[in-house]
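Participant: Hints are included, so try docking the two chains, each in its own frame, into the full complex.
Quick mapping for you: the protein sequence lines, in order, are chains A and H.
Counting from 1, position 129 in the first sequence corresponds to residue 128 in numbering that gives the first Met the number 0; the numbering is continuous, with no gaps.
Counting from 1, position 209 in the second sequence corresponds to residue 208 in numbering that gives the first Met the number 0; the numbering is continuous, with no gaps.
No lab work stands behind these hints, which were simulated from the structure alone.
Please note that the accuracy of each hint is not assured.
In silico SDA-like cross-links for lysine to any residue, where the CA-CA straight-line distance does not exceed 25 Å [what the hints assert, rightly or not]:
| # | chain 1 | residue 1 | chain 2 | residue 2 |
| --- | --- | --- | --- | --- |
| 1 | A | 79 | H | 396 |
| 2 | A | 145 | H | 12 |
| 3 | A | 79 | H | 374 |
| 4 | H | 186 | H | 396 |
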Amino acid sequence: MAPADPILRLNEVRFRWSGRASFAVSVPEFSVAAGETVLLLGESGSGKSTLLSLICGTILANSGQISVSGTDLSTLPNGKRDTFRAEHIGMIFQQFNLLPFGSVLDNILLPLRFAPSRRARSLDPQQEARALCTALGLPIEVVSAKASNLSVGQQQRVAVARALIGRPPIVIADEPTSALDADSQADFLNLLFDQVKSHGTTLLMVSHDQRLAEQFDRVVHMQDIAHIERQAA
Amino acid sequence: MILRLAIGSLFARILTVSMTVLAIGLSVALFLGVEKIRTGAKASFADTISGTDLIVGARSGSVQLLLYSVFRIGNATNNITWESYQDIAAHPDVDWIVPISLGDSHRQFRVMGTSPAFFEYYKYRQGRGLAVSSGAIMADLFDAVIGADVAETLGYTVGDPIVVAHGLASFTEHKDQPFRVSGILEKTGTPVDRTVIISMEAIEAIHVDWKNGAQRPGQATPVEAIRHMELTPKAVTAALVGVASPLKTFALQRAINEYPEEPLLAVLPGVALQELWAIVGVAETALLGVSAMVVVTALIGMMATVFSSLNERRREMAIFRAMGARPATIFGLLILEAVLTAAIGAVLGMCLLYLGLFIAQPILDSAFGLWVPIDAPSLREGLVLCGVVAASAIVSLVPALRAYRLSLADGMMVRT
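Looking at chain H on its own, in the form it has when it is part of the complex (with noise of 0.2 Å):
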């Protein structure tokens, strides 16, 4: 019976109530939803190469090498020379390798030289492999595929012609030899969205009339000319490796990191995920904090009306004094009602959670490849809730203590 006079009671003040409900369900919602799109983005993270074994470059740090061979983010110091891709790609551990080579660019996109196995091998999100959405993969010296974001920003369809610049951010262009868009990638929500792929072959064949990183003075090599040239590629900028067997693989990382020839650096991908999600992650657990405190605000929102809702109630107190309630049972209605207000504002927040997942799922999906499963609720999740209820009633205590005080000394007899 007190149970349902506190819920009364609650009722009684719906509006005020309400409000708090609703504030408490939002931020309960908000804080769940960043932790949500922080484990999301943190799987997406880890999710951008899989698959691959190792990751093998010129010796630098295993972050950059990460950064440029997987994220096209800065530039390699160095390149693997094409004799020491051939030795790798010849141990008995390697099952399979793709080389990659980078240095030139289309318009804002980089432009990875590689071979047709890359589309075989690249794994993405658990495994997923890339796929032609249009088009196809590339068959002819000067044919490209571009991912999904390069096609949707610079408006291409298959069939138009590209031409490459050479370096990053350079007016210098390889107009000589023009590329042809052969095929358009699906999204993945991985950077190779933001690539474009051409073949090894290619890279050397715009490369032709170049030395030293300039241009050659004189007549340029006509294209049908550099289409019966030997194009051995003469370096890589790194590799990716995929082991015969996965217990070979730190024989096979040592082994390349002790190849006597070249200083090379080859890193378990998974490793230097997380290092640089140590780095990046800060932000997101910033976050994590800011929705914590707005949790925080939202209860002591409930706690301030609370309070000021005991002036107008002294009467309510009153009859339960009356009645043979004790200054206790005035204390313990009050801190039950701010635990069933939070208890009805964390399921709020779950129900709304839920519904912002389903409605914001397949948008997070396309526009920033992020993924986020709807899963039933975690324990973690669980916890979460658990501990909203439970501060609910550590913040209480304060108006509740006020209430047992205003109780004692009122009596039944409120002097107002």
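Chain A extracted, bound-state conformation (with noise of 0.2 Å):
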């Protein structure tokens, strides 16, 4: 079923990692709707990872389409796809999202030095950093704190202020719970969600835990939408 308004379109998507391990993953047909919130389900090796590596536009494919916002990847130079992505993607990563170095503040502002528009749409981003990371549900006071000084429960909620900064049209989120325990996992999700659906943001997030189904819009298996092809070396 292909939604009318697509955000995101892959159409006879096929692509091959060079190398020794011959691994080649193929989509024929995926796509996500404006607003809508997708989990894509599926074990490791199942080809998650370079579906988006090909979504963010850091590795090209082979053959096929791949459209964010109508835009054709393929049609981007290599630059050009890197400030794209800062531009229409906000990403949460399974764990270790912040740069420990740097304070959260800077964290969550790190995006918006590669997208000049994304950071026009926020008219104060220091201000919109806080009231995201309100909203988030951690103290005001942890926003100039180093982040490597943060729990795994708080990187994670400052990682979706991140992603979530400037309004992208896209939060693509990997496994971001798995690093989680039980209860936490659920005020994430919860927090994540409110934050999504006030927005109208598109979430795509991958995971191989069923029990997240509930609260998305749609589940797809990796299994029905892509073709993996593995060659012993």
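Facilitator: Written out as structure tokens, the structure is:
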């Protein structure tokens, strides 16, 4: 089922890692509508990371189209693609999201450094950063703290604030809850959903954990959209 | 903000970074220190004699004349006859003339016969004159004034008797005519410190009973008799000359060099000093080369440190990439880091240099007579510092290029 207004669309995408252990991923069709929240379920080795790298434009597909907000990534030159990622995608990792030596504020404002329009969208980035921290249940004094002094749970929330600042249309989260315990996971998801819903942000989360499924608009299994080819070296 | 993060990243690795900074700082301090001592030594060397316009001796080479007349190294091939000396002294362009008579020694130190005018006209380090630290310059025929090193090495004080040996490494001593230390000169950092100075007449006096380099057999002439003898020197080894007008220097030099009665040589001390420096300065240049290599080594050490840090920093680079940084930004970040490290190192080196100079200046002056001035950093030193920083940028190109490749391959996902 293809959404009427896809913000993210993959069509006949094929990608092969060069190197000894040949590993290829092909995605015939996958799209996400604007404002939709999608959980992409898959075991490790199912090509999730490769798929995210393709969507973010840090690797280029060998063939096919990947369009984000209507722009075909393969048409952008390398430098533009990096800026495009900064402008359109907020990224949350599994863990070690933050630059440990920077302050929380520096970490939150970092993507704006590479995305002029995203910064322009935010009237007062520092104020927005503080507001996001408050909304995500972080104590206000945390803002000026060094990132490495925060607990893992706090670091993940800072990562959410960083992904959301300047309101990028898409937030991509790569197993953001796997480093958290069950209670923190629920809290984290609730806060994340509050934010993306109130801003109408598209959320694509990758996980292997089926229990997260209930809050999402749609759950997609990796094996349903992607085909993996492996050749032993 | 990128600058702040770069500094933050450096601080996160404070231990290795500070080691690198220290290595660069020390190497820069060493390099600039050697450079300072080199220029100081050159200046001190050139300051060995000043205020003298011409040095006159028997015809030989200018460096040789300078060596034996000023540095008391080597021997004169020949003397100047007293008649020639008198002729030069009478030349209208000559303002003053000081005779020097060499050839005898006391222990390991040379004995120099001269006139009292020597203490007035011999200048060193831009016109500084000799001063007596204790006692007085010679008043009696058998008085000797000794340099600071002589007094220190042999433990002499004013009033001590000394016996002058004939020749330079001789067991024949002028025992019949013992001298008395009448004064000790202040430290100058010149060969005067290692010289025993007696009067021209005294040189004659101790050689009264000598002929053709051997002691005449028979009864020695009593000291009292010598005192009443005519002690006009028959020859001098060299002479220091001051001209009436600087414009006349070259004319006088030519006149002496073309003196018809005797083959003589007149040299400009400054020119001869430069010729001599061209020979001994090679060692200094080699030292400078070695310290330049130390700077290069420190920079390569920094490169190695940056290289080894790359692996543990792949996560950091992945975060930058995910946030939209281009691989070129990662590249620039590493160069920036290296430049910051080197710049801090260079500043540290400068501080160490001045600290070292501050401590070492009086020691160098008193121990070696080497005057190293403490000035504001020169343009040349500024250029050296800029050069070090620029070189750090160049050597860091290698690890930066590697980081560029890594971040291009890794993207946001670190596969380790």
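Participant: Would the pair residue 186 of chain H and residue 396 of chain H pass a check requiring their Cα atoms to be no farther apart than 25 Å?
Facilitator: violated (52 Å)
Participant: Given the hinted pair residue 79 of chain A and residue 374 of chain H, is their alpha-carbon gap at most 25 Å?
Facilitator: violated (52 Å)
Participant: Hinted pair, alpha-carbon criterion (25 Å max): residue 79 of chain A, residue 396 of chain H. Please report holds or violated.
Facilitator: Within the cut-off at roughly 24 Å; holds.
Participant: Straight-line Cα separation of residue 145 of chain A and residue 12 of chain H no greater than 25 Å?
Facilitator: holds (15 Å)
Violated hints, listed in ascending order, are 3, 4; each of the other numbered hints is respected by the structure.
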